[in-house]
Structure formats: structure tokens, C-alpha cells
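Work the whole structure out from these sequences, hints included.
Number of protein chains: 2
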Amino acid sequence: MSAEIEEILKRYSNYPNVSGIIIVDSFAIPIKTTMEYTLTVHYAALANNLLAKGSKMVQNLDSSNELTALRLRTLNHELMIVPEENFFIVVVQKPFE
Amino acid sequence: MSAEIEEILKRYSNYPNVSGIIIVDSFAIPIKTTMEYTLTVHYAALANNLLAKGSKMVQNLDSSNELTALRLRTLNHELMIVPEENFFIVVVQKPFE
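One line per chain: the protein sequences are A and B, in this order. The opening residue of the first sequence carries number 45 in this note's numbering; numbering runs sequentially from there. The opening residue of the second sequence carries number 45 in this note's numbering; numbering runs sequentially from there.
Treat each hint with caution, since some may be false.
Copies of the same chain look alike in the list, so a pair counts if it fits in one copy or across any two.
To be verified - Computed cross-link-like contacts, SDA-like style, restricted to lysine to any residue with a CA-CA straight-line distance of at most 25 Å:
#	residue 1	residue 2
1	Lys97	His86
2	Lys100	Glu51
3	Lys100	Asn120
4	Lys138	Phe71
5	Lys76	His86
6	Lys97	Glu51
7	Lys138	Asn120
In case anyone wonders, no lab produced these hints; they're calculated from the structure.
Here it is in C-alpha cells:
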């Protein structure tokens, strides 16, 4: 999985205004991060909860459907949460001008 | 509020690929919709739950911060959820090509 993770880090680093990338495993444990550790743990927990809730709701509405990405825009930054098979990715971006 | 609601409907109708717009009050009751009623109620409940959870989490991380929009991308469509002061807006879009 390590090569895959490196590839993902590289890919998302090229997104505009990226200030942090976190890879979180299916137990909600951050396995790779470019951010400070306390913040990483907070973001991982937030993303894990919201992703679980969002996925469940999308499937409740239509069992053939699937959540493929979640994006939160806040006053201070944007969070993109992308589920993969055995982990998920959190990308923190500064807001676009 | 009615003129404001009409203005919002008009504004979001101009977004690309919009297939539905729902305005939901702070009691999670849809007050205006362009979609079929059962689907409207489902979307309103989903959006209300996710918005509440997302807002709480963002403020837990940083009490000076605020969730300004939530976007779900699924296999079949995209959902944009935008909180306003006394209501929130749900916009359903077909996925971009």
C-alpha cells in the first residue's frame, strides 16, 4: 500500500492551495500526514464521522448509489474527504479567492 | 421571506445541471421545492442531519470557524447544502461530465 499512498500524496499536493493531506485507515487511524499531529487526529476523527454518516445516508436514499467525495467549505478553509477501499483521504485547502 | 426564497430559487436554477432545489426551514421542514414530495422530504432530512453534524464538528475544531457549504458527490448526482440564517438550501445536480 505504501507506493499507492505516496502516489496519492503526490497527486493531491498538486491541487491548488493545499495546506495539508492526511491518509486515514479504516479504523480511523491516520497512517500518513503532512500536518501537525494533534490537528491530524482532530481532522481524521471529524472526517471519519462525517464520511460514515454521509455514506449511510446516501445508501439509505438509494442502495445502488455511493458517496464518492465530501467537501466542506468553512470560513477558514476547505476540506475534501475522499473514500478509497481501505482508507480515506483528507485534503485541507485554503479557501479559493 | 418569500421574495428572498424566490430570489434564491432563481439564482440556483442558473447553476449547471441543476435537477432540483429545496429550501428547508430550521425545523427541517421543506418550505419550497422543485422536486417530487417524497424525495424532497428524504433529501431535507439527509441534509439537515449532515449539516448539523458538520457544523458542530467544524466549531469543535475551531470555535471561531463556521461551515458555509457542504457538497456530496455520489455516483448518481451531486448535492450542495448551503446554510442561511433561518433556513438552508439543498441543490441537486447531475454529475459533471
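Here is what the structure says about each hint:
With identical chains, the CA atoms of Lys97 and His86 are at most 25 Å apart both within one copy (17 Å) and between copies (15 Å). When the C-alpha separation of Lys100 and Glu51 is checked against a cutoff of 25 Å, the pair qualifies neither within a copy, at 28 Å, nor between copies, at 33 Å. For the homomeric pair Lys100 and Asn120, the shortest alpha-carbon distance between copies (15 Å) is at most 25 Å, but the shortest distance inside one copy (28 Å) is not. Neither within a single protomer nor between protomers do Lys138 and Phe71 lie at most 25 Å apart by alpha-carbon distance, with minima of 27 Å and 32 Å respectively.
In this assembly of identical chains, Lys76 and His86 lie within 25 Å of each other by CA distance solely inside one copy; the values are 14 Å within and 36 Å between copies. For the homomeric pair Lys97 and Glu51, neither the shortest alpha-carbon distance inside one copy (28 Å) nor that between copies (31 Å) is at most 25 Å. For a Cα distance limit of 25 Å, the shortest separation of Lys138 from Asn120 inside one copy, 7 Å, qualifies, whereas the shortest one across copies, 28 Å, does not.
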